[in-house]
Amino acid sequence: MILKTNNGYVPESLLIRYKVEKMREFVEYEKFQARMLVDNETTRQFKVNTENHPNKMYKLRFNNMRANKYTVAGRQDATVA
Amino acid sequence: MDINNFEGIDLGKALPPELVKDLLVEGRVSFEFKPTDAPNIKSSSADLDEVDQDRVDNLVNDIKNTEDLIKALEDANAANLIDMNISTAGNPRVAAAASNLNPDGNPNITAETLDIADNIINLTHLATQGFDPILLALTGDGSIINGNFVNCNELTNAAIAALKPGADLDNPAIDNPEVPPTKTTEDTMELFWKKLAETIKFLFLVLWWENIWGRVISMAVCDPLKTLVAIPTDIMIMSILWVFSFFTKEKYKPSKENAEANGFLTPVLNRFKIWALCTFPKMNFKQYKPDPNQTVFVKENDKMVEKSMVEFCKSAPHLPPCPPKTNTEVDPQTLNSDPSAAQLMNTMDQISAKVSGEGDRTCIDVGNMGVSSVTPNGFGFPPQCMQDAVAVRNYAMSDALNGSSYNYNDSRYAMASQGDIAGVRDVGPV
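Chains as they are written, first to last, in the numbering used here: chain L, 1 to 81; chain B, 1 to 430.
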């Protein structure tokens, strides 16, 4: 059961809102590091998730052309090209 | 092997696999180093390969689980905050801040208000330092307040749309994978080349109509001998451009509609044209006479009026002189009543004075040139935006901590409603 205050929201969610933002920033960096290590189905999904995340800052940081060069998939693409 | 005893080990070469295995401690060496140009540490052990692969897989899976957890938290937060409607009736300072942030002027703090406040806090440094604020304002679809700043909620402009949290409107496939993208890469590239070709043609036409006569006059007066050599070359080049202009769809000529166009290039061109034609020839060549047939459009009483260059340049010397460049002479009212903005404007004025020369410089009244209402003197977001954003965020956080908004009938919130946290709600001036 979701309990909301008289102001229509759950205070706990607001209190952890910025902590979750920090966690998202952390995991986006971890995802990029994983993409630098290995190219498999999971890391490819990492890239798609970052692409679809509503905060486009992470897409700008980790899915740009320069960043992709440091990933395994990006290096493979460069080798093929 | 005793890893504390390096006797007998040639440190300039590859370490033996046994030593690498001992060094491969959790937290020290997280995966096997591949052979490099200086392979001080390397191993070809098949066992180590398997161990490393397992570690990488475990690491990736851990990250995946973490992301799933964070995704669940984000979704839960969004669902729990979507109906937020915090009244600010008891605090006029926060009410004013919220109404300043909300596009509809709503004084209450909603989820959208909080998003805007977060955007301002997170992106102000980009909007004011990373980008040109004037370009930012020109590309935006918001309005300019007090002639100096863009509105707080003007986070919809093209420059930072890519950074704005929200749906990517240019790619419907991201929002809904079932919907195919409306524009393909080929379409985009075709549009790009088409616009580029139109721009080049437009520039050629502008060069032809705007520059050739002034260039010829200036050169003929300044250096007749050089003109004899240069003009035939210029005529050849301009003739090619002129012939080329026949293959364009639209013929450019300075027109009233062109001057009134709500674009970036036309006001700037008008402004430069008027400034250059009135300033340079008269400054350098005393015998220069403006072309009576050349006309410009100037803005008078919110209407575009056509004037001849002769008439306009007669009035040019009567433009108001620049105010003395001292802090006390700057009217704060014209600068959004903000001392920092006044200081910035004063600094910019000093810089422009150094560039243009401190002597007999005159100020051009852009209000008479039809550009002041189009070209903003913007400094990005005013400091007030950041203050409002912080006030709204603080007030929302204090509301979450405060017991006054809890449902007293719910036992879950009984502890939280035992007493308000003194002073938390009182945000005060930020």
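Take the hints with a grain of salt, since some may be wrong.
Said to hold, decoys possible - Each computed DSBU-like pair below joins lysine-lysine, with the alpha-carbon atoms no more than 30 Å apart:
(1) B:K71 to L:K47
(2) L:K4 to L:K19
(3) L:K69 to B:K307
(4) B:K64 to L:K59
(5) L:K4 to L:K59
Think of the hints as simulated: they come from the structure by calculation, not from any bench.
It should be emphasised that the depicted structure is a prediction, and the values quoted were computed from it without experimental measurement.
Results for each hint:
1. B:K71 to L:K47: holds (14 Å)
2. L:K4 to L:K19: With Cα atoms ~20 Å apart, K4 of chain L and K19 of chain L stay inside 30 Å; holds.
3. L:K69 to B:K307: Status violated; Cα separation ~57 Å.
4. B:K64 to L:K59: holds (17 Å)
5. L:K4 to L:K59: Roughly 33 Å separates the two Cα atoms, so the pair is violated.
The structure does not agree with the numbered hints 3 and 5 stated previously, though it agrees with the rest.
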